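Since chain P is already given, all that's left is putting chain H on it; use the hints.
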Amino acid sequence: MRKFTRREAIKVTLGSFLAGIFSSCDLSDLKNPKTMIKTPIKTNILRPPGAVPEEEFAKKCIRCGRCGEVCPYHCIKYFDVKSGGVFSGTPYINVMEVPCYLCMKCVYVCPTGALVPCDKDEVRMGVAVINREACVSWQQEKTGLMCKTCFNVCPFAGIAIKIDHDFRPYIVEEYCTGCGICAYSCIADQYPENNGKKAITIEPVKWKKIKKVKLEDIKKS
Amino acid sequence: MKGKSFLEKIRSSLGKINTWRFFILFSAFVVIIGNPFVNYKWDINFIQGWFQSFGIGNLWIVSPLEGLETILTAKFLYTATIVGMVVPVLLAFLLGRVFCSWLCPIEFLSNLTDRVLGFLSKKLRYRKDLITLPRRIIWFVLITELLITLIIGYPMFVWWSPPGLVGREAMFYAFYKVITIEIVIVVAVLFFNLLTRRFFCRYFCPLGATLALIGKKRQLVIKYDKDKCINCKACDTKCPMGIKPSIGESQSVYCWNCAECVDTCPTKALSFTWNDDGIIKLKVHNSLTSMKNTDKLITTK
Numbered sequence: 001m002r003k004f005t006r007r008e009a010i011k012v013t014l015g016s017f018l019a020g021i022f023s024s025c026d027l028s029d030l031k032n033p034k035t036m037i038k039t040p041i042k043t044n045i046l047r048p049p050g051a052v053p054e055e056e057f058a059k060k061c062i063r064c065g066r067c068g069e070v071c072p073y074h075c076i077k078y079f080d081v082k083s084g085g086v087f088s089g090t091p092y093i094n095v096m097e098v099p100c101y102l103c104m105k106c107v108y109v110c111p112t113g114a115l116v117p118c119d120k121d122e123v124r125m126g127v128a129v130i131n132r133e134a135c136v137s138w139q140q141e142k143t144g145l146m147c148k149t150c151f152n153v154c155p156f157a158g159i160a161i162k163i164d165h166d167f168r169p170y171i172v173e174e175y176c177t178g179c180g181i182c183a184y185s186c187i188a189d190q191y192p193e194n195n196g197k198k199a200i201t202i203e204p205v206k207w208k209k210i211k212k213v214k215l216e217d218i219k220k221s
Numbered sequence: 222m223k224g225k226s227f228l229e230k231i232r233s234s235l236g237k238i239n240t241w242r243f244f245i246l247f248s249a250f251v252v253i254i255g256n257p258f259v260n261y262k263w264d265i266n267f268i269q270g271w272f273q274s275f276g277i278g279n280l281w282i283v284s285p286l287e288g289l290e291t292i293l294t295a296k297f298l299y300t301a302t303i304v305g306m307v308v309p310v311l312l313a314f315l316l317g318r319v320f321c322s323w324l325c326p327i328e329f330l331s332n333l334t335d336r337v338l339g340f341l342s343k344k345l346r347y348r349k350d351l352i353t354l355p356r357r358i359i360w361f362v363l364i365t366e367l368l369i370t371l372i373i374g375y376p377m378f379v380w381w382s383p384p385g386l387v388g389r390e391a392m393f394y395a396f397y398k399v400i401t402i403e404i405v406i407v408v409a410v411l412f413f414n415l416l417t418r419r420f421f422c423r424y425f426c427p428l429g430a431t432l433a434l435i436g437k438k439r440q441l442v443i444k445y446d447k448d449k450c451i452n453c454k455a456c457d458t459k460c461p462m463g464i465k466p467s468i469g470e471s472q473s474v475y476c477w478n479c480a481e482c483v484d485t486c487p488t489k490a491l492s493f494t495w496n497d498d499g500i501i502k503l504k505v506h507n508s509l510t511s512m513k514n515t516d517k518l519i520t521t522k
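Going down the list, the protein sequences come from chains P and H.
In terms of this note's numbering, the first sequence opens at residue 1 and continues consecutively.
In terms of this note's numbering, the second sequence opens at residue 222 and continues consecutively.
Hints listed in this document are in silico derivations from the structure and should not be mistaken for laboratory results.
Computed from a prediction, not measured in an experiment: that's the story for all the values here.
Each hint can be trusted.
Computed cross-link-like contacts, DSS-like style, restricted to lysine-lysine with a CA-CA straight-line distance of at most 27 Å:
id: 1; chain 1: P; residue 1: Lys105; chain 2: P; residue 2: Lys120
id: 2; chain 1: H; residue 1: Lys398; chain 2: P; residue 2: Lys105
id: 3; chain 1: H; residue 1: Lys465; chain 2: H; residue 2: Lys438
id: 4; chain 1: P; residue 1: Lys77; chain 2: H; residue 2: Lys398
id: 5; chain 1: P; residue 1: Lys82; chain 2: H; residue 2: Lys398
id: 6; chain 1: H; residue 1: Lys454; chain 2: H; residue 2: Lys444
id: 7; chain 1: H; residue 1: Lys262; chain 2: P; residue 2: Lys105
id: 8; chain 1: P; residue 1: Lys11; chain 2: H; residue 2: Lys349
id: 9; chain 1: H; residue 1: Lys296; chain 2: P; residue 2: Lys38
id: 10; chain 1: P; residue 1: Lys11; chain 2: H; residue 2: Lys343
id: 11; chain 1: H; residue 1: Lys262; chain 2: P; residue 2: Lys77
id: 12; chain 1: H; residue 1: Lys344; chain 2: P; residue 2: Lys11
id: 13; chain 1: H; residue 1: Lys489; chain 2: H; residue 2: Lys438
Chain H side only, calculated, beta carbon under 10 Å to chain P, not exhaustive:
id: 14; residue: Trp271
id: 15; residue: Ser274
id: 16; residue: Trp281
id: 17; residue: Ala301
id: 18; residue: Arg389
id: 19; residue: Phe396
id: 20; residue: Thr401
id: 21; residue: Val405
We put the CB at the ideal spot given by N, CA and C, even for glycine.
So here's chain H without its partners, still in its complex pose:
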């Protein structure tokens, strides 16, 4: 610890992707929390709303699940909704569930609580997962969510989505100086983190399920290099989603591209890559490399 100077520490942390992820999470959180206060005090109104629908000037962003729910219940296609859904859907389509891990205020708060718990004891921070459920639950949650919405006739997720509630409570506090009971949901989600890391995000977030479904064939993936791996399993203990990159699960639907495993890997066997085999092909393979790839496939099989 004492061998490294302060500057060196900063330099080494700047090289890590996770420092940048935390920085982006923090700035997104500050925008979401601080914006209503700014709007209230100076009447700027350049940025309105929170992660259910966001307006930056004339750029409109509507969360895909909420937009889908209103379209399903109102049975009416409104152009502004669909235009607003373009940006997040494209983001999920190219980069996967990147909203959850790089922007979501709940992820920021649970990251923060993880750090606080890490101060108390290191075991809590890098604990083995206490409760593990089959990860497939998230699809059933999405289906039930939409079914309940259709049965009741009113969109459900719009008023209890935890990332939306964070912004809403901030706005309520800035404008009306009250905090409503719905904050219980946010606190409960953070409490569930004690059962497993990101318990809610992993199994019960319908929005995450939607984004995962859209980003099933995403372009940005974490590639696992078998030759460099030394089987230390450091990535398995660090992954907040309970995925095991060491057995090649890093490209599955459930990965949310948070780069925790990329940073921990001591031999750099895991890395972000722009997937050429996806839908969009940026590079054209020449015949030689494709031949090599097929050879590899055959030999591994």
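Only chain P is shown next, with the shape it has when bound in the complex:
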């Protein structure tokens, strides 16, 4: 019988381990090399409150995970290599799972200034956008419903979301923080014609707009 040397044992174990890993996990995201360096922030997937502009964020964040451990609602989640590439380990908030309730705890634990301390009403994570064709209030003639859910749940109701004379909601973009509570609790997906589509989504804000706000914050502090 042939002797099984240690070197071979190492080779076989390492090889089988790596093969097992790579065959078991879904690497379809890795096939497109652009996903490795393209920012994974998109509709309804936002940075935590107080974040510096997206171009700067991954450079400043050291992926220490303190914001996620502090968050009492566990709404801050993290990218991994498969979905984030070089952005792996950076925090995000998926407002469709758990929206941000603006408790502003994470902002005070960031050690590198990726999240800049600011007040509740200064947060600009994104901007809520109402799809008027899916909103049941905007389609009153068709649906016969008058829904005010997004108005009721908004932490800045009457400032960020307003109601016009026909009880239809609209967004004041200057004051919208993008916390996503409205998108999370929108009931339009229950309406049969919408096929599970929500009427409100949160779009990440144009980075330059945030930059202006954040620079002022930094100067203040």
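Frame of chain P; chain H shown alone:
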């Protein structure tokens, strides 16, 4: 074996520095692994983060290499980062690469695997080094690491540093009940231990290189007493970093003050000393002792 009673065994092991080192490693590991579970269950949040950045109450600790990388890529000095880097830099400045050998979770895990392998066969535990590379590689690793970071524009070590990944996987498991692929890196580092003891720590850890560079003129060193040495070379076989204290390498940059050699030395020729010739002078030499020292130097030369 049977001659010693259980109590005597414990007493003799308590006298060894390495027992305490393993105890500290174990408690640091427990804090790192257990903390996210505690935070998740009871919402305490007194301690947050892991070895990339650690927050105990209001005390902030930021790992020096990660802090340096963010400063280099973001080109922005944030006060909290620099304040957080004070404690580890001071620790490295006074005690050398003590984080690696006394706190790092990877060191704990490789210590554990060494012990398990030691059960299988004693040869594996005290093996001679299979692959030895020039130890200078670690500086090139540090330089390439920083260069790649600057070229890509995103900090690299922050998402694949093995000591950070251990804490991160624990946190991921506690909070989201998932374990990401990055755990491969930790397992690979542990596998590399089969090539040489602490293969990754010795040659390829940029964080270790940073700490070694900071602690080049450290105060706590392992002193080698030539008069007491009986040339048994026990320390050379035991050193996890592949340093030979028997030819006076114990005070070099590559030593990480783990005290393996201090414990094995049968004649106590090696011992921890607070270096008086370093930057901070705690004792003032009187003229007589300094004269003696110079005499010795001349005679040895």
